[in-house]
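**Student:** The residues making up each chain are set out below.
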Amino acid sequence: MASLARVNLLPTSRTLASGVPLAPRINHAIPTGLGGGHHHGATGARSDVPQSFAFKSTVRGHVGRTNALPTSSSTQQRFFSSTPTKSDSHPMAAATGVHRQSATGVPDFSPYKAKNAGLNRTISYFMVGGLGVLGASGIKSTVSDILSNMAASADVLALAKIEVEMGAIPEGKNLIVKWRGKPVFIRHRTPDEIDEANAVDVKSLRDPEKDDDRVQRPEWLVMLGVCTHLGCVPIGEAGDYGGWFCPCHGSHYDISGRIRRGPAPLNLEIPEYAFNDDDEKIVIG
Amino acid sequence: MAGVHDLIYRTFFKRNSAFVATCFAGAFAFQITFDLGTSAWWDYHNRGKQWKDLRAKYIQAGDSDEE
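Protein chains in written order, with the UniProt record's numbering: chain A, 1 to 285; chain B, 1 to 67.
Calculated directly from the structure, the hints in this document are not laboratory data. Take the hints with a grain of salt, since some may be wrong.
[Unchecked claim] Here are the computed lysine-lysine pairs in the DSS-like style, where the Cα-Cα straight-line distance is at most 30 Å:
1. A/K178 with A/K113
2. A/K281 with B/K52
3. A/K203 with A/K281
4. B/K14 with A/K113
5. B/K49 with A/K161
6. A/K281 with B/K57
7. A/K178 with A/K161
8. A/K161 with B/K52
[Claimed, not checked] Using C-beta positions, here's what the derived DEER-type ranges look like:
9. A/Y112 with B/T11: 27 to 35 Å
10. B/W51 with A/E269: 29 to 37 Å
11. A/P263 with B/L54: 51 to 59 Å
12. A/F109 with B/R47: 37 to 45 Å
Even for Gly, the Cβ is constructed at its ideal location relative to N, Cα and C.
The following block holds chain A by itself, in its conformation from the complex:
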């Protein structure tokens, strides 16, 4: 098989009369076992034997002299190997099974080319997006930390609410507690009082409000003890309607705290409250 082989040589090299190229700095006698991963053969070459490529009678060597260092892998094989070059001696040649040789000496990079460009693209975007997710969550937690730093602290919030023991108020009794500087009426209503509050015709009221809307549990009525007229504190279990009576200007409230007679325009206000059944307490605030 006569083939034309192109070999790039160092510019300083020349061919001796024996056919061996003169390469002053290159030691053709590569010892056995040297070669860092490259397996060039089991036995080392004798230094006095001309290299095998000097005797390739079937190859009519075309020696191109260019001002460039040899870059082709095949050229390097020929320079440094002590055994005849095999097609699978280069690691990448073994991987691909093809050992193509470019006419210009440019190495063949096709083994390095991505086999699945779409998958690589998806992975790249996934990495970018993953960094975005981590960064966004970091920014979010920083911002929420700064905002929670400005919010009221737990001791201030604890001062803003009071707890009342439900067991301390017997049925049919009132309790007045102070909450944020204002009195709060808590009444443990009897079933009769609940029925009385529900029996009222809502449409006839000045400030129409059903009893269900004013209580969370019918037996517990929690109201702000400030008359909606001019801010006096009404008296419990008084007045014409069995509820509260404001002595200042004579406003009568019923058993649900709704205004029934007198100058006050609105029903008694309902604060925010919640029941804590574990500790049997009403938490106001």
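Position chain B relative to chain A; hints supplied.
**Tutor:** Relative to the frame of chain A, chain B by itself:
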């Protein structure tokens, strides 16, 4: 398999609006799972020592008045 990553690319990455929205939604989901996971680990690490583990014991003994 070839269709899966292509579907992911077309769904989440192709449009920038979808990409950014996915990042933000993922940040919320990541933070929730991270918080839940780390607090679960913390509770596991300190099991039997926290108030919520000991509360029943002391409430029973103190007869609901002393805590």
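**Student:** Are the hints correct? Go through all of them and say.
**Tutor:** Status of the hints after comparison with the structure:
no. : hint                          : in the structure
1   : A/K178 with A/K113            : 79 Å, violated
2   : A/K281 with B/K52             : 19 Å, holds
3   : A/K203 with A/K281            : 34 Å, violated
4   : B/K14 with A/K113             : 23 Å, holds
5   : B/K49 with A/K161             : 29 Å, holds
6   : A/K281 with B/K57             : 20 Å, holds
7   : A/K178 with A/K161            : 10 Å, holds
8   : A/K161 with B/K52             : 23 Å, holds
9   : A/Y112 with B/T11: 27 to 35 Å : 30 Å, holds
10  : B/W51 with A/E269: 29 to 37 Å : 36 Å, holds
11  : A/P263 with B/L54: 51 to 59 Å : 56 Å, holds
12  : A/F109 with B/R47: 37 to 45 Å : 58 Å, violated
In summary, the structure is inconsistent with hints 1, 3, 12 from the numbered list given earlier, while agreeing with the others.
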